[in-house]
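Residue numbers (my numbering), protein chains in the order written: chain A, 2 to 194; chain B, 343 to 514.
It should be emphasised that the hints constitute simulated quantities derived from the structure, not laboratory data. Every value quoted in this text rests on a predicted model; they were computed, and no experiment measured them. Glycine included, each C-beta is placed from N, C-alpha and C at the ideal position. Treat each hint with caution, since some may be false.
Derived SDA-like pairs: lysine to any residue, alpha-carbon spacing no greater than 25 Å straight-line [claimed, not checked]:
| no. | chain 1 | residue 1 | chain 2 | residue 2 |
| --- | --- | --- | --- | --- |
| 1 | A | K166 | B | C369 |
| 2 | B | K421 | A | T171 |
| 3 | A | K37 | B | A425 |
| 4 | A | K166 | A | R72 |
| 5 | A | K145 | A | L18 |
| 6 | A | K166 | B | E359 |
| 7 | A | K135 | B | Y366 |
| 8 | A | K37 | A | A17 |
| 9 | B | K422 | A | Q66 |
| 10 | B | K422 | A | G49 |
| 11 | B | K417 | A | E23 |
| 12 | B | K421 | A | R181 |
| 13 | B | K355 | A | Q188 |
| 14 | A | K166 | A | Q66 |
| 15 | A | K37 | B | L423 |
| 16 | A | K166 | A | R62 |
| 17 | B | K355 | B | L394 |
| 18 | B | K422 | A | Q57 |
| 19 | A | K37 | A | D9 |
| 20 | B | K417 | A | Q20 |
| 21 | B | K429 | A | L18 |
| 22 | A | K36 | A | F70 |
| 23 | B | K421 | A | L61 |
| 24 | A | K37 | A | S160 |
| 25 | B | K429 | B | G414 |
| 26 | B | K422 | A | R25 |
| 27 | B | K422 | A | K135 |
| 28 | B | K434 | A | R24 |
| 29 | B | K422 | A | Q188 |
| 30 | B | K417 | A | D12 |
| 31 | B | K355 | A | S160 |
| 32 | A | K166 | A | R73 |
| 33 | B | K429 | A | E23 |
Cβ-to-Cβ under 8 Å is the rule here; a few derived chain B residues that face chain A [what the hints assert, rightly or not]:
| no. | residue |
| --- | --- |
| 34 | V362 |
| 35 | L363 |
| 36 | W412 |
| 37 | Y415 |
Residues per chain, in single letters:
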Amino acid sequence: MENGSPSDLRDEELVALCQGGERRAFESLVLRYMKKAYQIAFDFTRDGEEAKDLSQEAFLRAFSQITRFDRRSSFYTWFYRILVNLCIDHHRHKSRIPWEHKNGGSQDHVEAETVADTSSTPDQEAIAGEVRRKLGTALGGLPKGQRTAFLLRNHHGLSVAEIAKVMHTTEGTVRVQLHRAVTTLRQSLAEFV
Amino acid sequence: MIQGKNFLRPACKEFEEDLVLYYYGECQDAESHRVEEHLKECASCERFLEDLRAFLPLTAKAKEHPQSFWDGYYKEMQKKLAAMDEKKSRWKALFSVFYPWGVPALGTAVVVIFALALTFGRGMWDLKNHSILDEPPPGIQAESIDFFETMDLLESIDSIESQDQMKSERTL
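Next comes chain A alone, as it looks inside the complex (with noise of 0.2 Å):
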């Protein structure tokens, strides 16, 4: 951004610019956290196209809405509640595709997930392929709340509070979806035992 944009404040301040109408400190708030909206978004619908529509919806509303915001909480948590909320309300909308579907639906989605580990052999790779091909498949099937929780916590490394939060519901329900979450990803990897 060019000098004299208010990049270098703090997400406080920039909404406090923005309450009193000015928009290039939202602007500011887009730069920083569109990466990340984006990345949810992505998580949640699988595909390119949609995770750009879903986090640019979810900037547009929370822009709106912004003097509503009473800055009790951080602002992407508040941005958060609005694009998990989206992104939900979008897969409620949606019928279930199996993501292993999407996947092979496009290039984008194709060059979407990496392997973690690269330097394993190709018999590794393989077995890891398949891990990750039925992990997907078994993320996808999860419940709404277990996946939500694990999504946030798991890519976006969200604590259980800020889940929670996001989430409006308690920590403990928290961490009960995010352990089912996890004990369901096993299970639909029990071939591999």
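Position chain B against the provided structure of chain A, taking the given hints into account.
Below, chain B alone, put in the same frame as chain A:
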């Protein structure tokens, strides 16, 4: 690392949830200590934790988009925000035109509507059943009859009095 057949080993049931939270760094100090103590003496839970470390990252990684993608994304957002801001300003300007007299006008409108609703409800605007040119209203007619009857009575009294006066003159 995934080891084929050795992958996915069970943990002690009572530690399973704590191990998941421990993996994510979400255990309290006391819980962490308890888990760590247990891990020292339980090989299956130790392997379970290794498995979590091996398979959970496999669900997470996504390929980075090139910078050009993010530049395009950001420019698109700037345009959308500008359009939304402009729309908001237009509505604000429109609203500000009505603002000085908007509230009194609205109040007056509400009162007028209320009054009309009330009078319509009582049939006061029902012009079909009332004609000014027709026979006078019954109330006024009755009063007229009373009036004429009273006049007749007065005339009778006058005549009686005049008769009495004539009689007295005759007797004199």
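Q | Numbers of the earlier hints that this structure fails to satisfy, in rising order | A | Violated hints: 2, 5, 12, 27, 29; rest satisfied.
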